[in-house]
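Here's the letter readout for the chains.
Number of protein chains: 2
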Amino acid sequence: MENQVDLPEYLFRRLAQLGVKSIHGVPGDYNLTVLDYLEPTGLRWVGNANELNAGYAADGYARTKGLSALVTSFGVGELSAINAIGGAYAEKAPVVHIVGTAPRSTQDAGACLHHSLGDGNFRVFADMYKSVTVAQANLTDAKEVPRLVDETLRQCILQSRPVYIEIPSDMVRVKVAAPKGSIDLTVSGYDKLTEDGMVDTLIEKIQNAKRPMILVDGFARRFGIQDNINELVRRTGIPTLTTPFGKSLVDERLPNFHGIYYGLAGSLEHSDWVRSRDLVLHFGPLRSDINTYGFTATTDVDGTVVLEADSITIGTTTNGPAPFRGVCVKSLLGKLVARLDEVKPTTGDPFPANPDDPREILRVLPPAEIGSIVDQYSFWLRMSGFFRPGDIILTETGTSSYGGQSFALPEDTTVMTSSIWLSIGYALAASQGVALAQREMITEGARRSGRTILFEGEGSLQMSAQAISDIIRNKLDMTIFILNNNGYTIERIIHGFYADYNDVQPWRNLEAPSYFGAPQDDPSYRVTTRSARNWGELQTVLADPLIQEGKGLNMVEVFMEMDDAPQSLRKFVEYLTKRNSGGK
Amino acid sequence: MENQVDLPEYLFRRLAQLGVKSIHGVPGDYNLTVLDYLEPTGLRWVGNANELNAGYAADGYARTKGLSALVTSFGVGELSAINAIGGAYAEKAPVVHIVGTAPRSTQDAGACLHHSLGDGNFRVFADMYKSVTVAQANLTDAKEVPRLVDETLRQCILQSRPVYIEIPSDMVRVKVAAPKGSIDLTVSGYDKLTEDGMVDTLIEKIQNAKRPMILVDGFARRFGIQDNINELVRRTGIPTLTTPFGKSLVDERLPNFHGIYYGLAGSLEHSDWVRSRDLVLHFGPLRSDINTYGFTATTDVDGTVVLEADSITIGTTTNGPAPFRGVCVKSLLGKLVARLDEVKPTTGDPFPANPDDPREILRVLPPAEIGSIVDQYSFWLRMSGFFRPGDIILTETGTSSYGGQSFALPEDTTVMTSSIWLSIGYALAASQGVALAQREMITEGARRSGRTILFEGEGSLQMSAQAISDIIRNKLDMTIFILNNNGYTIERIIHGFYADYNDVQPWRNLEAPSYFGAPQDDPSYRVTTRSARNWGELQTVLADPLIQEGKGLNMVEVFMEMDDAPQSLRKFVEYLTKRNSGGK
Numbered sequence: 001m002e003n004q005v006d007l008p009e010y011l012f013r014r015l016a017q018l019g020v021k022s023i024h025g026v027p028g029d030y031n032l033t034v035l036d037y038l039e040p041t042g043l044r045w046v047g048n049a050n051e052l053n054a055g056y057a058a059d060g061y062a063r064t065k066g067l068s069a070l071v072t073s074f075g076v077g078e079l080s081a082i083n084a085i086g087g088a089y090a091e092k093a094p095v096v097h098i099v100g101t102a103p104r105s106t107q108d109a110g111a112c113l114h115h116s117l118g119d120g121n122f123r124v125f126a127d128m129y130k131s132v133t134v135a136q137a138n139l140t141d142a143k144e145v146p147r148l149v150d151e152t153l154r155q156c157i158l159q160s161r162p163v164y165i166e167i168p169s170d171m172v173r174v175k176v177a178a179p180k181g182s183i184d185l186t187v188s189g190y191d192k193l194t195e196d197g198m199v200d201t202l203i204e205k206i207q208n209a210k211r212p213m214i215l216v217d218g219f220a221r222r223f224g225i226q227d228n229i230n231e232l233v234r235r236t237g238i239p240t241l242t243t244p245f246g247k248s249l250v251d252e253r254l255p256n257f258h259g260i261y262y263g264l265a266g267s268l269e270h271s272d273w274v275r276s277r278d279l280v281l282h283f284g285p286l287r288s289d290i291n292t293y294g295f296t297a298t299t300d301v302d303g304t305v306v307l308e309a310d311s312i313t314i315g316t317t318t319n320g321p322a323p324f325r326g327v328c329v330k331s332l333l334g335k336l337v338a339r340l341d342e343v344k345p346t347t348g349d350p351f352p353a354n355p356d357d358p359r360e361i362l363r364v365l366p367p368a369e370i371g372s373i374v375d376q377y378s379f380w381l382r383m384s385g386f387f388r389p390g391d392i393i394l395t396e397t398g399t400s401s402y403g404g405q406s407f408a409l410p411e412d413t414t415v416m417t418s419s420i421w422l423s424i425g426y427a428l429a430a431s432q433g434v435a436l437a438q439r440e441m442i443t444e445g446a447r448r449s450g451r452t453i454l455f456e457g458e459g460s461l462q463m464s465a466q467a468i469s470d471i472i473r474n475k476l477d478m479t480i481f482i483l484n485n486n487g488y489t490i491e492r493i494i495h496g497f498y499a500d501y502n503d504v505q506p507w508r509n510l511e512a513p514s515y516f517g518a519p520q521d522d523p524s525y526r527v528t529t530r531s532a533r534n535w536g537e538l539q540t541v542l543a544d545p546l547i548q549e550g551k552g553l554n555m556v557e558v559f560m561e562m563d564d565a566p567q568s569l570r571k572f573v574e575y576l577t578k579r580n581s582g583g584k
Numbered sequence: 001m002e003n004q005v006d007l008p009e010y011l012f013r014r015l016a017q018l019g020v021k022s023i024h025g026v027p028g029d030y031n032l033t034v035l036d037y038l039e040p041t042g043l044r045w046v047g048n049a050n051e052l053n054a055g056y057a058a059d060g061y062a063r064t065k066g067l068s069a070l071v072t073s074f075g076v077g078e079l080s081a082i083n084a085i086g087g088a089y090a091e092k093a094p095v096v097h098i099v100g101t102a103p104r105s106t107q108d109a110g111a112c113l114h115h116s117l118g119d120g121n122f123r124v125f126a127d128m129y130k131s132v133t134v135a136q137a138n139l140t141d142a143k144e145v146p147r148l149v150d151e152t153l154r155q156c157i158l159q160s161r162p163v164y165i166e167i168p169s170d171m172v173r174v175k176v177a178a179p180k181g182s183i184d185l186t187v188s189g190y191d192k193l194t195e196d197g198m199v200d201t202l203i204e205k206i207q208n209a210k211r212p213m214i215l216v217d218g219f220a221r222r223f224g225i226q227d228n229i230n231e232l233v234r235r236t237g238i239p240t241l242t243t244p245f246g247k248s249l250v251d252e253r254l255p256n257f258h259g260i261y262y263g264l265a266g267s268l269e270h271s272d273w274v275r276s277r278d279l280v281l282h283f284g285p286l287r288s289d290i291n292t293y294g295f296t297a298t299t300d301v302d303g304t305v306v307l308e309a310d311s312i313t314i315g316t317t318t319n320g321p322a323p324f325r326g327v328c329v330k331s332l333l334g335k336l337v338a339r340l341d342e343v344k345p346t347t348g349d350p351f352p353a354n355p356d357d358p359r360e361i362l363r364v365l366p367p368a369e370i371g372s373i374v375d376q377y378s379f380w381l382r383m384s385g386f387f388r389p390g391d392i393i394l395t396e397t398g399t400s401s402y403g404g405q406s407f408a409l410p411e412d413t414t415v416m417t418s419s420i421w422l423s424i425g426y427a428l429a430a431s432q433g434v435a436l437a438q439r440e441m442i443t444e445g446a447r448r449s450g451r452t453i454l455f456e457g458e459g460s461l462q463m464s465a466q467a468i469s470d471i472i473r474n475k476l477d478m479t480i481f482i483l484n485n486n487g488y489t490i491e492r493i494i495h496g497f498y499a500d501y502n503d504v505q506p507w508r509n510l511e512a513p514s515y516f517g518a519p520q521d522d523p524s525y526r527v528t529t530r531s532a533r534n535w536g537e538l539q540t541v542l543a544d545p546l547i548q549e550g551k552g553l554n555m556v557e558v559f560m561e562m563d564d565a566p567q568s569l570r571k572f573v574e575y576l577t578k579r580n581s582g583g584k
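Sequence order for the protein chains is A and B.
Quick note on numbering: UniProt numbering labels position 501 of the first sequence as 501, and the sequence is numbered without any gaps.
Quick note on numbering: UniProt numbering labels position 576 of the second sequence as 576, and the sequence is numbered without any gaps.
Just so you know, the hints here were simulated from the structure itself, not pulled from any lab data.
Quick caveat, the model's predicted, so the values are computed rather than measured.
Every residue gets a Cβ at the ideal spot worked out from N, C-alpha and C, and that includes glycine.
A few of these clues could be false.
Examples of chain A residues toward chain B, derived with CB under 10 Å [claimed, not checked]:
hint, residue
1, Pro27
2, Asp36
3, Ile82
4, Ala90
5, Thr106
6, Phe125
7, Asp127
8, Thr397
9, Asp470
10, Arg473
11, Asp503
12, Val504
13, Pro506
One chain only, chain A, in its complex shape (with noise of 0.2 Å):
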């Protein structure tokens, strides 16, 4: 007879064979069996505060490591992590939601149970979640199991999106066949010989292009061909810029790329640069409004290739080509930077000069006046120093994602921002999943020894402030800058500067490591706050060694001038309002 294992066991195997190696969540009374196989399985459970923050968090582990996996409990649990799975469908973080449930027979009898609305129905929220995944599976049959969670697993990969898996309380000790090899993972409908095809079409392009560019977007990043592009980029010396959201995705030390392509928040030189290009490689396009700055930033031009996961489409947008199916970007681009050889790439008129670029500015910068205040112009820019290879850099939605987009970063370093959902709250929750998992995979030796920096507004903070209880109590290494305006100055330049809406109730935020906890003169976890209302503390802060080592807990409280925000912030804001009032 085949070797089984209990249901729970099954899934867990396969998450942990995945690389998912602590899973985030809230226990509840339709949980708490499933919990108990976490331990025999070797994964780790993070316990948070709140599920909504769990959801980011898993969000945040899933972007750094390519996989995460959320606990909740039916109804109440999982509606409070919903937000953070939309986040999570709207900008392609692979995260696997598991939900208990109540037993087979009590919903088949349509019982009036807590949780539940009281009106019989136990499919109403896994419909919710339809729209915000790519699979689903409800676990009532023990002989579906492997099927079902290994088709689950292998969508929630391939689309990097959600996927929902319900477990019923009574299917917990059931026994399933036990996982066998591992979850193919090949792309659907994968031809080698479409793929090779489409890299001589390519090499063609790249030696034929007079006037070609490379657009890296965020969405690049799921794909696992981060390495590539920068060979890709490197090697042919194209003219190379990313979106916002494609920020730090290529290395900002070669001297072919030219920053973030701003589209008319921009130079107008730069935007009719770009559209004289006769070749445009855009890899993983996010075209929302806030990526696309009010859809200014496009590349509608006839020699755009759009490169997606598993699609490749030649032409403009406009014209609404056909993609070519059947081929994995990932194998297709080893294959081109494998043949560069063969080319010898024009790489066309130079980028126009660019005022805007960070590493020309902080070159002619004069030092901060140690007595004035922060400044936002200066101060994300004077912020490039303190970074270093390795590091992953989250910027919260709000001034915090705009001033980001001026880091000069270092090589080897990551920013993670929201660049469609922008839901406030979500950079803090989620950078200690992003923690965690950084934590783990150094420790795997599959990155490089970094910090966790998280760029945080002091509103923002309030909506998931309790995320800094999981970062104490997971003993997450973790720099935090709460920069303090006074407010939603976002939302304040948006409409009604001076209306008490926009206000937030001031916190001692500073108070916020001994309030939720952090053990106090423990030298194996060292809790630091600081605070700068001067670019003066400020400077001493940043040379402080054990900031700079980033051990610990550090959290610095930057004080601004409540009007002050970054200079791109305020022109996208500029066409957000005529939009709001009816405009496009």
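Fit chain B to the known structure of chain A by using the hints.
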């Protein structure tokens, strides 16, 4: 030409007419211009720290005042609140959820906007909300606005459940006809003759019954009939019980009030007595597992008369008799009470002696040993002495909701607890809405003075902790007892007593007011924090005139044993464990 107003003014004026004075919510770029109309309409903006807490608070305000409104942004904002709206739906709290959405033109164009999933579908979140709301209105057409708003608010109040209203941001400045008169709140299909006939029937039933009883459940709270129920109980002398959800609806000092019907968690003698009744007047039932002690506290006798807001059903539920519609139970009960002089009801055989009667136990309970840790058995009983007429007492799901069943209440107190949704963290955030509604109603002369008192577990508190910031921001009077028993004790008792997944990060709970920015030494808003590690300390705290007065923010942390729990909880967990493992 008729009098016209801007669209949001129409909605806000209608809400104000219906008694709403404060609006809960979080600002966002799709709703900012809507918020501009609050002040001119005389409404107060609560300004919550996050949307889930805003939703919970709106629910608490609605349960206290009869209606509330919540404003969120499209997508991220509304999804963060959906768990709260699910609870309001399940437990019948009339909350108007107002969502600021993108301009119609961008929605029609299917634009890839921030806060959307990026798929051009702008109906997806409204569709999710269909399962947890009883009416929806998307205000895209100025001419339809008055009719749609009025009908949506009407359904909210008549069905006492959430509704959902979308305002595209380009509709904000659109003129609509000003509100005329007030919204018609007559029950659909109301028929005076049917109702009068039903009064005759009930009078006859009460007159003829040999063994009658009255069972009052929590949904009866929504019908506005509490005074008449008490009049009925007092004047007929019929033995009366409540469910856990109905606790505090009946004056507990009445000699014919006999406490909570515990079903099989109570004594068999009591259930046998209930099952031998020939008339049960059953008001506003919620038949959840929790509220019926695992479906055992039932009243399936032929003489059952179930009274809902707009219908009456005569006969057992298992026979499935058709409800009589066309009645309004509020007016019907008024007529019934007015005719009570006509009847001389038999009260039947008396309710059997009740060893669990809190008043009886308190009479013989020896004084607490001042050096001993506070115990769950006597804590809830002894707290009865702290309550005063006018108080509203919230008990969080878990240990507190079970413990609160042991309160011996003075007249005119309200106990609020969740009885099917059971989302932990709810009570803390709901208490903000309750305290605000209570303050308004006292000012309006609609309630006698009284305190808001919350019993909250230290694990549940972590879910929604930033609600404490909302309480401080709005300078609400509140007394919070934090029961610290080192983790999720209710989950421990269900499963995994020592499992680390039932641990919570230990917070320094009494630092909350300082962290969340409470004023220091402000005579207009006093903050008191106290802890009680034994009975002596608790007695000292409770004797403190500041704590007794309950002005400002008062936070008392009571430490209890990890394995201690109210007796009713232990009994119920036995049932739950059996059911979750597959039994019924």
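Chain B contact restraint on A:Pro506 - CB to CB distance below 10 Å: Given a least distance of 5 Å, the restraint on A:Pro506 holds.
For the restraint on A:Val504, tell me whether the closest CB of chain B is nearer than 10 Å. 7 Å, holds
If you take the shortest Cβ to Cβ gap from A:Asp503 to chain B, is it below 10 Å? 7 Å, holds
Tell me if the interface restraint on A:Asp36 is satisfied: Cβ within less than 10 Å of some Cβ in chain B. 7 Å, holds
How about A:Asp470: closest beta carbon in chain B under 10 Å, or not? Holds, about 7 Å.
Once the shortest beta carbon distance from A:Thr106 to chain B is found, is it less than 10 Å? 7 Å, holds
Answer holds if the nearest beta-carbon of chain B is closer than 10 Å to that of A:Asp127; otherwise answer violated. 7 Å, holds
Hold the hint about A:Ile82 up to the distance rule: shortest CB distance to chain B must be less than 10 Å. 5 Å, holds
Does A:Arg473 pass the interface hint, meaning its C-beta sits closer than 10 Å to a C-beta of chain B? Holds - the Cβ of A:Arg473 comes within 10 Å of chain B, reaching about 4 Å at its closest.
Interface hint for A:Pro27, Cβ within 10 Å of any Cβ on chain B: Hint holds; A:Pro27 Cβ to chain B Cβ min 5 Å, cut 10 Å.
Under 10 Å is the threshold here; is the Cβ of A:Phe125 close enough to any Cβ of chain B for the hint to stand? 8 Å, holds
Chain B contact restraint for A:Ala90 - C-beta distance below 10 Å: 5 Å, holds
The structure meets every hint from the earlier list without exception.
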